[in-house]
Amino acid sequence: MSAEKMLAVSPAPHINAQADTAFYMKRVCLALLPAQIWAVYIFGSRALAASAVSVISCVGFEWIFRRMLGRPQTVGDWSAVVTGLILAMSLPAGLPVYMIVTGAFAAIVVTKQLFGGIGQNFANPALVGRTVLFFSFQNEMQRFIVTPRMSQIMINAAGGPGVMLSADAVSGATPLVLFSNARTLPSNTEMFLGLINGSMGEISALALLIGGIYLCARKIISPVIPLSYTLTVMAVALFWGFDPVFHLCAGGVMLAAFFMATDYTTSPMLRSGKLIYGIGCGLLTMYFRVYTSFPEGISTAMLFMNALTPQIDRLTVRIRLKRLAKRRDV
Amino acid sequence: MLLSSAKKGIYLKSHKATRQMSVMPLTLPAEVRIPMTHGRAASCRPLVKAGDKVGVGQLIGEAEGPFAVPVHSSVSGTVTGIEELPSRLGMNDLHVVIKTDGRQSSAEDLRPPVIGSREEFLRAVRDSGLVGLGGEGFPTALKLDSAGQAIDSLLLNGAECEPFVTSDHRNMVAYARELVQGAAALMRYLSIRETLIGVQADKQDALDLIAAQCEGMDSINAAPLSRIFPAGEETLLIRELRGTELPLGGRPADKNILVLNVSTVIKLEQYLVTGMPLVSRTVTVDGDVIARPMNVEVPIGTAMGEVLRFCGADEGSLRKLIAGGPMTGTALPDTGFYTTKTDNALICFSAYRAERDRETACINCGRCIDSCPEGLLPGLLFKAWRERDEKALRDGLLSACSGCGCCSYVCPARKQISFELGLAKQFLMKKESENAEGGSDER
Ligand code: SF4
Ligand code: SF4
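Protein sequences, first through last, are from chains A and B. Residue 1 is where the first sequence starts when you use this note's numbering, and the numbers rise one by one after that. Residue 1 is where the second sequence starts when you use this note's numbering, and the numbers rise one by one after that.
Just so you know, these hints were derived from the structure itself, not from any lab. Check before you lean on any hint, since a few could be wrong.
Stated by the list, open to error - Residues of chain B placed beyond 10 Å of chain A at every Cβ, according to the derived structure: (1) Glu31; (2) Arg40; (3) Arg45; (4) Glu62; (5) Leu110; (6) Arg177; (7) Leu196; (8) Asp218; (9) Arg242; (10) Arg319; (11) Asp334; (12) Arg358; (13) Leu380; (14) Asp395; (15) Leu397; (16) Gln426.
Said to hold, decoys possible - Derived pair list, reagent style EDC-like, types lysine to aspartate or glutamate, alpha-carbon separation capped at 20 Å: (17) Lys99/B to Asp145/B; (18) Lys391/B to Asp313/A; (19) Lys16/B to Asp288/B; (20) Lys255/B to Glu359/B; (21) Lys322/A to Glu297/B; (22) Lys99/B to Glu119/B; (23) Lys383/B to Asp395/B; (24) Lys8/B to Glu234/B; (25) Lys13/B to Asp20/A; (26) Lys255/B to Asp329/A; (27) Lys255/B to Asp288/B; (28) Lys383/B to Glu420/B; (29) Lys322/A to Glu245/B; (30) Lys99/B to Glu297/B; (31) Lys322/A to Asp395/B; (32) Lys99/B to Glu84/B; (33) Lys326/A to Glu84/B; (34) Lys391/B to Asp370/B; (35) Lys322/A to Asp288/B; (36) Lys16/B to Glu31/B; (37) Lys13/B to Asp370/B; (38) Lys13/B to Glu31/B; (39) Lys99/B to Glu83/B; (40) Lys430/B to Asp395/B.
Just so you know, even glycine gets a beta-carbon here, dropped at the ideal spot from N, CA and C.
With these hints in hand, go ahead and build the complete structure from the sequences.
In structure tokens, the structure reads:
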């Protein structure tokens with residue numbers, strides 16, 4: 001009785017999973033590490049600098065904005081770090097600093113915080129950041145630097161059977177540009193490993209796959225969206241007589257499938273919804289690629305599906321509850 | 001067949017340090033204060049007064065009405081008074097204070113009940129003072145009676161899916177025979193066709209012992225249950241053992257099923273054989289401030305502090321005391337309570353283990369949905385509740401929520417979903433009765 005009124009009283013359950021929001025966000029950062037390392041390997045310290053600028057400005061904007069509005073600080077949940085990293089991965093390595101900062105502003109302030117912060121955004125912040133940059137700085141966003149290592153790779157490639165990249169070595173054209181110009185393409189192995197040019201985190205399908213598999217294996221994300229997205233892309237490619245592996249590895253499909261389309265907030269909650277969403281992203285991506293000369297196919301496809309997410313959720317939830325009610329005969 | 005699609009819920013680290021330890025009897029306390037209210041039973045009227053001599057098993061609290069269950073003395077000694085002390089429900093309750101004489105002699109008139117009919121059996125169950133010992137605390141006699149005549153199958157709940165708690169487990173190991181005999185008695189007097197004893201698969205020893213006792217009895221069988229939490233929840237137990245769904249808001253009796261906790265049946269059998277009513281129970285004492293975690297047989301009405309000290313509790317660093325398991329138990333404000341018939345465990349944590357950091361925004365991760373054993377959408381119900389959206393709460397089948405706590409456990413935003421859904425249920429009920437009163441019930 002000596003212990004009167006000193007114990008903590010709270011409702012059950014009295015234990016909880018250790019994982020909080022920050023835990024999951026940190027895991028996503030970890031999963032992006034292979035792509036980041038590959039970017040540094042190919043593009044050198046510039047890639048590191050660009051990522052640092054992106055992450056720092058995302059976290060900084062979040063901090064400043066929350067503070068200005070007197071809202072509880074949320075930088076501790078690491079979501080701004082994730083946004084910063086994904087944004088960086090989707091940009092060319094040589095992009096000027098002020099442009100990266102602009103992208104971070106569009107992502108964190110306009111897309112995320114103006115709508116109430118984490119969990120409230122209607123579209124994936126990194127995706128909006130990249131899209132805004134693309135439409136504001138078309139040229140810079142398509143200028144891919146050619147580092148010594150990159151030209152080495154190109155020369156090697158030129159010596160081999162895939163005699164192509166040397167012609168574009170100066171401009172550093174990406175495979176997709178080559179594709180729309182109907183030029184010779186790099187081999188699938190080069191595509192898969194990431195011996196190509198492009199946005200810094202998108203070039204190596206392998207590195208992204210390693211991170212993606214890690215996320216699925218640790219149950220950080222559900223595999224439904226990445227699988228349905230990538231399989232749809234490949235199926236459509238096959239259907240139109242294109243090389244499915246090329247379309248899987250080219251551009252940002254892998255980054256989008258594992259890291260952007262799986263964003264909790266802007267993708268459907270139920271498995272059935274995720275399936276619809278993944279297939280939708282895949283179809284739209286291929287539609288833009290094949291039928292338009294639109295270079296931002298993936299981003300547009302995903303923004304479109306982001307916008308549809310509430311509708312998908314509403315539909316799938318209604319079906320789910322109807323089934324449940326039937327099962328419990330209400 | 002098992003509905004494997006229904007295997008939701010969560011996997012918890014079991015923390016069952018006491019699973020291999022036999023039950024220890026508590027050193028007899030010098031004094032007990034026996035509450036007149038236990039679990040969900042109605043309060044009793046004390047039958048004794050200061051100066052009365054009582055024996056173990058003597059009736060000291062008379063049950064009035066079907067919701068009450070008689071209370072018996074857990075010790076032999078002298079009544080020193082009747083005190084009004086705080087009860088678990090935050091109200092005051094009468095407690096009979098008895099100074100023990102150390103002899104633990106039984107009351108004189110104890111003898112096994114003579115049973116010839118269903119009515120006499122129900123009478124005996126009531127006289128035994130039993131409530132659901134799994135923590136649920138519903139009067140057992142009332143449960144049997146209201147289940148009606150058409151009970152087909154008896155499910156004995158030995159899941160014990162809560163972390164730390166092993167009191168049912170140890171009772172099943174020690175009293176497998178009584179368990180099976182008790183089930184046989186229930187079947188005989190209530191004309192039940194078959195019994196399934198569901199035990200979570202991690203308690204293989206108990207399963208084996210029970211199976212050995214069931215040898216030669218076609219109609220009583222042991223069945224392993226999946227290791228998820230909350231495998232022992234009524235709807236899940238029925239789903240897993242019988243492959244059938246309870247209708248929403250329905251009772252097991254609607255499917256001709258009766259569910260009882262294993263320890264309840266063991267104590268019932270002991271009463272039928274010896275005539276000794278429920279005067280003590282097994283309590284698992286565990287947690288990081290407990291030096292000697294163990295299962296203790298505790299006389300009803302023992303001061304909690306006494307039980308904790310017996311197990312070497314470091315009371316100075318105790319920060320949280322949970323009556324029951326950590327998933328569904330109740331956190332008590334202090335140690336100044338007295339054990340009731342429903343305390344299957346006392347879990348003691350030093351740090352504020354479940355201290356929720358400030359709740360953060362829902363990130364729509366869907367983990368609550370994946371965890372909900374009832375297939376609900378807890379995050380959406382939570383939002384609907386915060387917005388006081390009655391329609392969304394009803395459409396979301398809030399009434400199917402069992403309060404199991406899985407959703408709160410997994411939520412990375414640290415939302416107390418299950419707790420608030422409990423509030424939401426009360427809110428809906430209040431609205432419904434308001435509507436009924438106003439005659440404007442549109443449903
Ligand atoms: S507390 Fe209710 S909503 Fe939450 S998991 Fe359990 S049944 Fe589902
Ligand atoms: S688990 Fe928590 S954060 Fe995740 S969807 Fe449910 S309520 Fe939201």
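Against the structure, the hints:
At roughly 12 Å from the closest C-beta of chain A, the C-beta of Glu31/B stays outside 10 Å, upholding its exclusion from the interface. For Arg40/B, the condition that its CB be more than 10 Å from all CB atoms of chain A holds, with the nearest at approximately 16 Å. Non-interface call for Arg45/B relative to chain A: holds, since the shortest CB-CB distance, roughly 27 Å, exceeds 10 Å. Even its closest Cβ contact with chain A, about 29 Å, leaves Glu62/B beyond 10 Å, as expected for a residue assigned away from the interface.
Listed as outside the interface, Leu110/B is consistent with that label: its C-beta sits roughly 33 Å from the nearest C-beta of chain A, beyond the 10 Å cut-off. Taking the minimum C-beta to C-beta distance to chain A, about 34 Å, the non-interface status of Arg177/B holds against the 10 Å cut. Against chain A, the non-interface label of Leu196/B holds: every CB pair exceeds 10 Å, the least being about 22 Å. Distance check on Asp218/B: its Cβ is at least 31 Å (rounded) from any Cβ of chain A, clearing the 10 Å threshold; non-interface status holds.
With a minimum CB-CB distance of about 14 Å to chain A, Arg242/B clears the 10 Å threshold, and the non-interface call stands. The Cβ of Arg319/B sits about 5 Å from the closest Cβ of chain A, inside the 10 Å cut-off, so the non-interface label is violated. Distance check on Asp334/B: its Cβ comes as close as 5 Å (rounded) to a Cβ of chain A, failing to clear the 10 Å threshold; non-interface status is violated. Look at Arg358/B: its CB is around 7 Å from the nearest CB on chain A, not clear of 10 Å, so calling it non-interface is violated.
With 10 Å as the threshold on Cβ separation, the claim that Leu380/B sits away from chain A is violated: the shortest Cβ distance comes to roughly 7 Å. For Asp395/B, the non-interface assignment is contradicted: its Cβ lies about 6 Å from the closest Cβ of chain A, within the 10 Å cut-off. With a least beta-carbon separation of about 6 Å from chain A, Leu397/B fails to lie farther than 10 Å from that chain, contradicting its non-interface assignment. Its beta-carbon lying about 13 Å from the closest one in chain A, Gln426/B satisfies the requirement of being farther than 10 Å from that chain.
Between the alpha carbons of Lys99/B and Asp145/B the distance comes to roughly 36 Å, so the proposed pair goes past 20 Å and is violated. At roughly 18 Å between alpha-carbon atoms, Lys391/B and Asp313/A fall within 20 Å of each other, so this suggested pair holds. As the CA atoms of Lys16/B and Asp288/B are separated by approximately 12 Å, the hinted pair is consistent with the 20 Å bound. Of the pairs offered as hints, the one joining Lys255/B and Glu359/B is violated, with about 40 Å between alpha carbons and a cut-off of 20 Å exceeded.
Pair hint Lys322/A plus Glu297/B does not hold up; C-alpha atoms about 48 Å apart against a cutoff of 20 Å. Taken as a hint, the Lys99/B and Glu119/B pair is broken in the structure, with Cα atoms around 36 Å apart against an allowance of 20 Å. Among the hinted pairs, Lys383/B with Asp395/B is consistent with the structure: their alpha-carbon atoms are about 13 Å apart, no more than 20 Å. Only pairs whose Cα atoms come within 20 Å are accepted, and Lys8/B paired with Glu234/B is accepted, the gap being roughly 14 Å.
For the given pair, Lys13/B sits about 18 Å from Asp20/A by alpha-carbon distance, which is consistent with the 20 Å threshold. About 13 Å separates the Cα atoms of Lys255/B and Asp329/A, which keeps this hinted pair within 20 Å; it holds. Between Lys255/B and Asp288/B, the direct Cα distance comes to roughly 42 Å. Violation of the 20 Å bound is thereby established for this hinted pair. The suggested pairing of Lys383/B with Glu420/B holds, with an alpha-carbon distance near 10 Å, which does not exceed 20 Å.
Distance hint between Lys322/A and Glu245/B is fulfilled; the C-alpha atoms sit about 15 Å from each other, no more than 20 Å. Between Lys99/B and Glu297/B the CA atoms are separated by roughly 19 Å; this keeps the pair inside 20 Å, and the hint holds. Using a Cα cut-off of 20 Å, the hinted pair Lys322/A and Asp395/B holds, with the two alpha carbons roughly 9 Å apart. Between Lys99/B and Glu84/B the CA atoms are separated by roughly 17 Å; this keeps the pair inside 20 Å, and the hint holds.
Distance restraint check for Lys326/A and Glu84/B: the Cα-Cα separation of roughly 49 Å exceeds the 20 Å cut-off, and the hinted pair is therefore not satisfied. Under the criterion of a C-alpha separation no larger than 20 Å, the hint pairing Lys391/B with Asp370/B is inconsistent with the structure, at around 23 Å. Straight-line distance between C-alpha atoms of Lys322/A and Asp288/B comes to about 45 Å, which puts the hinted pair past the 20 Å bound. This hinted pair does not check out: Lys16/B and Glu31/B have alpha carbons roughly 31 Å apart, beyond 20 Å.
Only pairs whose Cα atoms come within 20 Å are accepted, and Lys13/B paired with Asp370/B is accepted, the gap being roughly 18 Å. With a C-alpha separation of about 37 Å, the suggested pair Lys13/B and Glu31/B falls outside the 20 Å cut-off, and the hint is violated. Pair hint Lys99/B plus Glu83/B holds up; C-alpha atoms about 13 Å apart against a cutoff of 20 Å. About 17 Å separates the Cα atoms of Lys430/B and Asp395/B, which keeps this hinted pair within 20 Å; it holds.
Consistency with the previously given hints fails for numbers 10, 11, 12, 13, 14, 15, 17, 20, 21, 22, 27, 33, 34, 35, 36, 38, ordered from lowest to highest.
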